[in-house]
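Take the sequences, apply the hints, and build the full model.
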Amino acid sequence: VAAAPLICFPMMYFRKAISYEIRKAAHYLFYLFAIGLALHVPPAAIPSGGFCAYILPICIVLYTLDTLYVWFFMTERIDTTRFSVLPTGVQMTMEVSDAFQRRGKSKEGGFAYVCLPWTDRNQWHAFSLIEPATPNIRHVFMQKTGNWTNAVHEGLQRNTVRPVWVCGPFASPYGQAKFFDNQILVASGIGITPALSVIRSNAQKPSRRINLIWVTRDPHMLEFYIEHLVLDNTGWNLIFYTGNRTTLNP
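Per this note's numbering, numbering through the sequence shown is continuous, rising by one, with the last residue being 713.
Derived from the structure by calculation, the hints contain no laboratory data. The beta carbon of each residue, even a glycine, is placed where N, CA and C say it ideally should be. Treat the hints with care, as some may be off.
Listed next, with one range per pair, are the computed distances between beta-carbon atoms [what the hints assert, rightly or not]:
1) Glu484 - Asp529: 17 to 25 Å
2) Lys479 - Asn700: 37 to 45 Å
3) Trp587 - Met475: 21 to 29 Å
Here are the computed lysine to any residue pairs in the SDA-like style, where the Cα-Cα straight-line distance is at most 20 Å [to be verified]:
4) Lys487 - Val533
5) Lys641 - Gln564
6) Lys668 - Gly638
What follows is the structure, encoded as structure tokens:
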């Protein structure tokens with residue numbers, strides 16, 4: 464009973480007053496909530512009830528095994544990650560392992576969790592992956608939108624090479640695009656990242672027609688992604704720039 468309000472109230476009433484790290488850590492109290500619920504419900508009530516006594520322990524075990532697998536077999540440290548600092552964000556270029564590439568073969572438009580130990584070793588944040596033509600290279604664009612990304616931008620200030628921890632890759636809804644011939648990809652702002660991976664993976668297939676609609680107001684993001692765009696020439700590609708700056712670098 465005590466765990467439930469500690470899980471819910473920080474998200475319902477104190478989102479702005481409590482830091483992201485504390486709110487995320489509070490979610491792990493669901494372990495206590497699930498264990499307490501499993502012990503509270505008598506299995507003798509089956510079939511009218513009492514299923515929690517068996518279902519919740521199974522869920523807890525499966526979740527724990529899945530978490531351990533991800534930590535031990537899907538997490539790696541990359542020491543030679545290149546950071547390029549832009550006025551509104553940071554471009555991260557990393558050389559991933561062969562195992563990372565194998566895990567990501569069926570995950571077009573996937574994402575990974577990134578930890579920068581020189582900023583905060585306890586924070587992991589999800590970012591979509593850009594897959595260029597080089598198989599072992601992945602790009603990430605971090606836009607300045609919150610406390611953590613602002614801290615990363617302020618901590619760099621210049622182009623450099625630093626270590627990172629990466630966990631993944633994981634599939635995203637964009638991974639379903641490979642099952643369709645006629646596609647319309649709609650994105651705004653940083654949401655263009657997974658769309659680029661889908662276009663790169665499917666544009667060369669003769670049966671595919673990929674149409675892109677992208678709206679962005681960030682000129683630096685637009686200039687960055689124009690360098691990585693591989694568009695489908697058989698489809699419509701509509702890019703709407705809504706920012707205040709009137710000129711863009713070629």
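So, going through the hints one by one against the coordinates:
1. Glu484 - Asp529: 17 to 25 Å: holds, 22 Å
2. Lys479 - Asn700: 37 to 45 Å: holds, 39 Å
3. Trp587 - Met475: 21 to 29 Å: holds, 24 Å
4. Lys487 - Val533: Holds. Lys487 to Val533 sits at ~18 Å (cutoff 20 Å).
5. Lys641 - Gln564: holds, 18 Å
6. Lys668 - Gly638: holds, 16 Å
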